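Enquirer: Sequence:
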Amino acid sequence: MYNQRLDTFIDAMSKSALDAEVSDLVLRLLKLMRSLDDLYESAEFYGRERTAMTELTVANVLGEALDDLRSALTAADDIEILGWVSLASRRIRKVIRGSADTVETVRDLAKLREDAVEISRSAQMLLDQYSITRQEAALKRTLESAEVAASAAEKAQESAGVTGSSSLSTHFDEYAKAERKAAEIFRALAIAGVVGALVAAVAFGPIDSGDWPHLTYRIATVAAVGTLAAYFARQAGQHRRVYNWAKSLEVQLKSFPAFIAPVPEAERGEVYRAFARRVLSAPPEKGIEGAEDSVGAAQLLDLVTVLAKRQ
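According to the UniProt record's numbering, the stretch in the sequence shown is residues 1 to 311, in order.
Honestly, the hints are just simulated from the structure, not real lab data.
The structure displayed is predicted, hence computed values, not measured ones.
There could be a bad hint or two in this list.
DSBU-like, lysine-lysine: derived pairs with alpha carbons at most 35 angstroms apart [said to hold, decoys possible]: (1) Lys-111 with Lys-177; (2) Lys-111 with Lys-254; (3) Lys-31 with Lys-15; (4) Lys-94 with Lys-177; (5) Lys-140 with Lys-31; (6) Lys-111 with Lys-94; (7) Lys-247 with Lys-177; (8) Lys-15 with Lys-140; (9) Lys-181 with Lys-94; (10) Lys-181 with Lys-111; (11) Lys-247 with Lys-181.
Let the sequences and hints guide you as you build the complete structure.
Expert: Take a look at the structure:
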């Protein structure tokens, strides 16, 4: 009945690139179906009790099994093929059991049924193994995806930190340039004031003895110009100190990512807090000490060195 189709499938499975265990189970079941088909075609299979109902049942089981196998092979999925083996072998067991009391070749049918049971059991065991393997693979992919996502988030966070440091360093660079320009202007004004005081001192020429009004005027003029020059010099010094402070922070901000790299992840927060206090502290002013929470560069370096040695 189905000899030609079964032979075609058996030949194809012999050359299949499927997993060896899967291919072996399919071949075993196809050969069992071939034996059942041969037995069905024999005159002794049903003997006097052969009926249209039994004939239809066997034909349906074999035909549907072959159609389902074609679909499973088209999908090229090992688990789907194993599912076909398990289902088809169970159906064959049922049709054999249902025909056993009507056939004369009971021994042949019993052997086929035993083979079907063994194939079904093997298919189920292999199906369970494949399912577990696939679940493990899916879990592994999930974990790998989570690791990739975590790594990407960490890199994004580091990139954001580097970008923030770069932006701050640019700000301090511009601030330092402005302070340097102001320092140079005030220094030029201070020099001009000193020169002006000297010019004022000699511009009026000698003063006659007892000419107190002219002497007083000259002293007042020189004192005023000198005071202005001193103010300009003090401003130049202040702007120069702020320039040095801003320039120092610019360099520190640019080098901070590499500077903090050797520090353990769990202890970087302490370094960040110390560095933030340093960056956010007020600019230096003449005669005023830094705030108590300000951290010097030497102290910050010592802190990083100690934490790095804990690794």
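Enquirer: A separate judgement is required for each hint: does it hold in the structure or not?
Expert: Okay, the hints, checked on the actual structure:
Between Lys-111 and Lys-177 the alpha-carbon distance is near 97 angstroms, which puts this suggested pair outside the 35 angstroms criterion. Note on Lys-111 and Lys-254: the hinted pairing is violated, with a Cα-Cα distance of about 82 angstroms set against a maximum of 35 angstroms. Taking the CA atoms of Lys-31 and Lys-15, the gap is near 15 angstroms; set against the 35 angstroms cutoff, the hint holds. Between Lys-94 and Lys-177, the direct Cα distance comes to roughly 93 angstroms. Violation of the 35 angstroms bound is thereby established for this hinted pair.
For the proposed pair Lys-140 and Lys-31, the alpha carbon gap of about 38 angstroms is over 35 angstroms, so the pair is violated. Note on Lys-111 and Lys-94: the hinted pairing holds, with a Cα-Cα distance of about 14 angstroms set against a maximum of 35 angstroms. Note on Lys-247 and Lys-177: the hinted pairing holds, with a Cα-Cα distance of about 9 angstroms set against a maximum of 35 angstroms. Between the alpha carbons of Lys-15 and Lys-140 the distance comes to roughly 32 angstroms, so the proposed pair stays at or under 35 angstroms and holds.
A distance of roughly 99 angstroms separates the Cα atoms of Lys-181 and Lys-94; the hinted pair therefore is violated under the 35 angstroms criterion. Restraint check for Lys-181 and Lys-111: the C-alpha separation of about 103 angstroms exceeds 35 angstroms, so the hint is violated. In summary, the hint linking Lys-247 to Lys-181 is supported, as the alpha carbons are separated by about 13 angstroms, within the 35 angstroms threshold.
Of the numbered hints given earlier, the model fails hints 1, 2, 4, 5, 9 and 10; all others are met.
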